[in-house]
Amino acid sequence: MQTKPVLTLEDVKKIAAAAEAEALANKWNVVITVVDDGGHLLWLQRLDGAAPISSYIAPEKAKTAALGRRESKAYEDMINNGRVSFLSAPELQGMLEGGVPIVVDGQTIGAVGVSGVKSAEDVQIAKAGIAALGL
Numbered sequence: 001m002q003t004k005p006v007l008t009l010e011d012v013k014k015i016a017a018a019a020e021a022e023a024l025a026n027k028w029n030v031v032i033t034v035v036d037d038g039g040h041l042l043w044l045q046r047l048d049g050a051a052p053i054s055s056y057i058a059p060e061k062a063k064t065a066a067l068g069r070r071e072s073k074a075y076e077d078m079i080n081n082g083r084v085s086f087l088s089a090p091e092l093q094g095m096l097e098g099g100v101p102i103v104v105d106g107q108t109i110g111a112v113g114v115s116g117v118k119s120a121e122d123v124q125i126a127k128a129g130i131a132a133l134g135l
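Residue numbers (the UniProt record's numbering): 1 to 135.
There may be inaccurate statements among the hints.
To be verified - The list that follows gives simulated cross-link-like pairs (lysine-lysine, DSSO-like), each with its CA atoms no further than 30 Å apart:
#1 4 to 14
#2 14 to 27
#3 118 to 13
#4 27 to 4
#5 127 to 13
#6 118 to 4
Please keep in mind that the hints were generated in silico from the structure rather than gathered at the bench.
Model the full assembly from the supplied sequences, consistent with the hints where possible.
Given below as C-alpha cells:
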C-alpha cells in the first residue's frame, strides 16, 4: 500500500498567512482558499474589500487545480485555444487562472485558489502561500 502526505491544519494556516501577507503587501483585496486533494474546502478567507463573487470563484479555482493536478490556467488556455468542449467537463467549474496545486514528492495533496485581482496576481498570491511550506 502506498502512503502520501496530507495537509494539516498547521500547513493550511501557514499557506493562508503567507498568501494574506502577499496580498496585503500589494494592497490586493482577494479571497484566498485552500482545498485538499479531493477539492474539499479547508480554508476560505475574504480580505476586506474583496468582491463577494470572489468567494465563489476562488474555491472553484482551487478545486479545479486539485482535481486536475495542474494549474487551473491550463484549462483556461485549452478553452481559449478552441477546445470549448472542456466547458462541459464534470466537476470543473473554476477553469480560470488562479488555482495552483500543492505538489509533494510528485503527488498533488491540495491546491490554493485566489480570486479578486488580475489572474497573474491571483497566481502570485497562491504561489506565495504554497512557498511557505518550504517544499
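Results for each hint:
Straight-line distance between C-alpha atoms of residue 4 and residue 14 comes to about 20 Å, which keeps the hinted pair within the 30 Å bound. Between residue 14 and residue 27, the direct Cα distance comes to roughly 20 Å. Compliance with the 30 Å bound is thereby established for this hinted pair. This hinted pair checks out: residue 118 and residue 13 have alpha carbons roughly 24 Å apart, not beyond 30 Å. For a cut-off of 30 Å, the pair hint linking residue 27 to residue 4 is broken: about 36 Å separates their Cα positions.
For the given pair, residue 127 sits about 14 Å from residue 13 by alpha-carbon distance, which is consistent with the 30 Å threshold. At most 30 Å may separate the alpha-carbon atoms for a hinted pair to count; residue 118 and residue 4 exceed this at roughly 33 Å.
The structure shown violates the earlier hints numbered 4 and 6.
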